[in-house]
Amino acid sequence: MWFSTFLVLNLFRRRARSLLTIGGMTIAIGTTVALLGIAKNLEQTMMQSFAGRGVDLIVSEERKLDPLTSDIPEDLAAKIHEVPGVEEVGPGLLELVNYTHDGAEMSLMLQGWEPGSFLFDDVVLKEGRQFNADENDVVVLGVNAADALEKQVGDTMTIQRKQYKVVGVIEPNSFQERGLAFLPLAELQRLMGRPNSVTGFSVRVARSPGVETSVDDVRKGINALTASDDVPVRIAAVPTAEFVQQSPHIQVSRAMAWATSLIALIVGAVGTLNTMLMSVVERLKEISILRAIGWKRTRVASMILGECFVLSIVGATLGIIGAGFLLRWLAYYPLTKMLIQGDMPPIVILEGLTVAAVVALFGGGYPAWRATQLTPVEGLSHE
Amino acid sequence: MSKTATARPQGEILIETVDLIRDYPDGHVRALQGVRFVVRRGEYVAIMGQSGSGKSTLLNLLGGLDRPTSGEVRFGGRPLDDFPSLDVYRSSQIGFVFQSFYLLPTLTALQNVQVPMFEGSLNAAERRNRAAELLELVGMSKRAGHRPHQLSVGERQRVAIARALANNPELLLADEPTGALDSRTGDAILGLFDQLHRERGVTLIVVTHSEAVAAAAERVFWMRDGQETKGPDRNK
Numbered sequence: 000m001w002f003s004t005f006l007v008l009n010l011f012r013r014r015a016r017s018l019l020t021i022g023g024m025t026i027a028i029g030t031t032v033a034l035l036g037i038a039k040n041l042e043q044t045m046m047q048s049f050a051g052r053g054v055d056l057i058v059s060e061e062r063k064l065d066p067l068t069s070d071i072p073e074d075l076a077a078k079i080h081e082v083p084g085v086e087e088v089g090p091g092l093l094e095l096v097n098y099t100h101d102g103a104e105m106s107l108m109l110q111g112w113e114p115g116s117f118l119f120d121d122v123v124l125k126e127g128r129q130f131n132a133d134e135n136d137v138v139v140l141g142v143n144a145a146d147a148l149e150k151q152v153g154d155t156m157t158i159q160r161k162q163y164k165v166v167g168v169i170e171p172n173s174f175q176e177r178g179l180a181f182l183p184l185a186e187l188q189r190l191m192g193r194p195n196s197v198t199g200f201s202v203r204v205a206r207s208p209g210v211e212t213s214v215d216d217v218r219k220g221i222n223a224l225t226a227s228d229d230v231p232v233r234i235a236a237v238p239t240a241e242f243v244q245q246s247p248h249i250q251v252s253r254a255m256a257w258a259t260s261l262i263a264l265i266v267g268a269v270g271t272l273n274t275m276l277m278s279v280v281e282r283l284k285e286i287s288i289l290r291a292i293g294w295k296r297t298r299v300a301s302m303i304l305g306e307c308f309v310l311s312i313v314g315a316t317l318g319i320i321g322a323g324f325l326l327r328w329l330a331y332y333p334l335t336k337m338l339i340q341g342d343m344p345p346i347v348i349l350e351g352l353t354v355a356a357v358v359a360l361f362g363g364g365y366p367a368w369r370a371t372q373l374t375p376v377e378g379l380s381h382e
Numbered sequence: 000m001s002k003t004a005t006a007r008p009q010g011e012i013l014i015e016t017v018d019l020i021r022d023y024p025d026g027h028v029r030a031l032q033g034v035r036f037v038v039r040r041g042e043y044v045a046i047m048g049q050s051g052s053g054k055s056t057l058l059n060l061l062g063g064l065d066r067p068t069s070g071e072v073r074f075g076g077r078p079l080d081d082f083p084s085l086d087v088y089r090s091s092q093i094g095f096v097f098q099s100f101y102l103l104p105t106l107t108a109l110q111n112v113q114v115p116m117f118e119g120s121l122n123a124a125e126r127r128n129r130a131a132e133l134l135e136l137v138g139m140s141k142r143a144g145h146r147p148h149q150l151s152v153g154e155r156q157r158v159a160i161a162r163a164l165a166n167n168p169e170l171l172l173a174d175e176p177t178g179a180l181d182s183r184t185g186d187a188i189l190g191l192f193d194q195l196h197r198e199r200g201v202t203l204i205v206v207t208h209s210e211a212v213a214a215a216a217e218r219v220f221w222m223r224d225g226q227e228t229k230g231p232d233r234n235k
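Protein chains in written order, with numbering that gives the first Met the number 0: chain A, 0 to 382; chain B, 0 to 235.
Be careful, since some hints might not be right.
[As the list claims (entries may be wrong)] The calculated label-pair distances, taken between Cβ atoms and stated as ranges, are:
1) A/L360 with B/V28: 38 to 46 Å
2) A/T259 with B/F82: 51 to 59 Å
3) A/V280 with B/K141: 31 to 39 Å
4) A/E377 with B/Q149: 27 to 35 Å
5) B/E135 with A/L8: 45 to 53 Å
6) A/V266 with B/V87: 36 to 44 Å
Read the hints as simulated data drawn from the structure, not as lab findings.
Here the structure is a predicted model, which means the values were calculated and not measured.
For every residue, glycine included, the Cβ atom is placed at its ideal position computed from N, Cα and C.
Working from the sequences, and respecting the hints, build out all of it.
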């Protein structure tokens with residue numbers, strides 16, 4: 000018999016309690032993994048969007064990393080283009096508007112890009128076409144937006160009281176962008192009353208064979224533009240990975256995920272602690288017998304912690320499976336499908352299992368210590 | 000029927016106590032009052048006395064389950080304090096048999112016998128083989144796959160004896176091993192002790208109230224009020 004077999008059989012003795020503890024851990028770890036999965040998805044999807052089209056730097060208004068609050072003159076693009084090492088500059092305007100669908104109010108993210116911009120490079124055209132430079136009243140939808148809004152090529156939609164014709168449905172690399180509606184940049188500026196205004200620039204650094212251009216040098220070059228008298232706002236160029244890490248949306252989603260998870264984990268740890276403490280108290284005599292027949296203190300501690308680990312890992316596994324199903328379901332649910340990708344990043348699974356192990360250590364640590372403090376004769380005193 | 004403490008043991012001293020005192024401060028009780036007790040290798044000794052005479056306290060101290068207030072226990076001439084720990088002493092030298100068996104209910108007989116072996120160096124297959132051998136020794140090989148609730152009380156005690164032998168101890172300590180058994184089953188267990196003693200040379204110390212157990216032993220160590228006495232106290 001393996002020691003692990005012994006631990007599992009011990010847990011079978013208190014089936015109801017073991018199942019309830021596993022249930023608590025399943026909910027705690029499932030919540031943690033689901034929330035962290037959503038936050039991680041958001042992060043990965045932003046990285047995908049930049050990597051897919053070879054964007055190295057994001058330029059936005061200094062100290063305004065939230066694209067929605069950044070406001071930069073569009074004609075700064077020309078100056079950025081002049082910085083040595085810059086290959087492409089793609090201006091973009093991001094806006095969040097209310098949209099009425101089937102009588103219900105919802106939020107719709109609008110992205111204004113120049114027709115023919117390199118930002119469309121990684122986009123797969125699923126249906127119809129992209130907009131042309133001479134078009135105004137047209138919109139191209141990301142696949143998830145088209146699906147959620149039940150629109151296809153040829154349909155019309157009213158955005159901010161103006162009617163647009165859907166001319167194409169696209170599938171960008173980035174999951175996040177699949178939920179956007181794309182308008183020509185100039186048209187979106189007009190619609191939102193922001194002439195010559197963009198929220199940021201995507202910058203691609205030149206890479207010719209044999210010549211390694213330093214992204215950091217280009218960054219410094221762009222940031223130096225701020226010192227120029229004819230640049231009216233302070234701008235900051237940030238590498239894409241850093242931009243994603245600093246993004247308020249990412250930080251808030253991550254903080255929310257951990258904060259909510261922490262509560263769930265405390266509940267899980269207290270539940271496990273309670274179960275194991277009860278188990279130790281109920282088994283004082285048994286533990287004494289085990290000590291009497293030759294078990295060392297460390298073996299007793301291993302038993303208690305081992306039982307705790309089994310409960311935690313079984314709960315965590317079920318929680319991870321449950322979270323996987325939840326994310327899949329949210330990815331298909333109409334209200335959330337534009338925001339949530341159904342994938343479960345492996346790093347999140349690893350985090351979930353690590354957290355479960357830590358919870359087991361906290362939940363089982365005190366009961367294990369208490370069990371080791373018991374002298375064999377104490378438990379046998381009723382003999 | 001009863002034997003005196005004057006029977007002549009043979010062989011070298013396996014375990015002895017020197018001026019053993021054990022106080023229980025909570026109850027202001029001196030359970031042992033300077034007991035000197037010697038058992039030689041291969042002996043079969045019964046400890047008898049009335050309830051409260053200190054028999055079980057002495058057994059606990061011999062088995063390293065408890066520490067004396069003063070005096071010492073020596074095993075093979077070596078004070079127990081010289082062992083790396085009492086845990087090591089118990090796991091390497093001592094086997095315990097209890098009145099209530101204390102088998103783990105979710106484990107089969109075969110698995111119960113393997114429990115003490117987790118502290119040893121045997122792998123899972125070796126533990127299983129050794130447990131099977133021990134169950135055969137105590138006549139329980141056909142019941143190896145049964146859980147305690149599927150066994151009779153006599154069978155449970157046989158499994159408990161096999162468990163006590165798991166780590167091949169020098170000394171088997173039994174506390175009222177037939178106390179929960181009817182006389183016929185008790186006789187069978189005594190027969191098993193006798194067999195272990197004769198055929199395997201196991202040194203046995205048995206705490207008992209039973210005259211039958213005492214009769215099976217080579218020597219009886221009588222106790223009263225925490226001290227050795229010459230024989231049974233018929234007045235109490």
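Of the numbered hints stated previously, which ones are contradicted by the structure, given in increasing order? Hint 5 alone not satisfied by this model.
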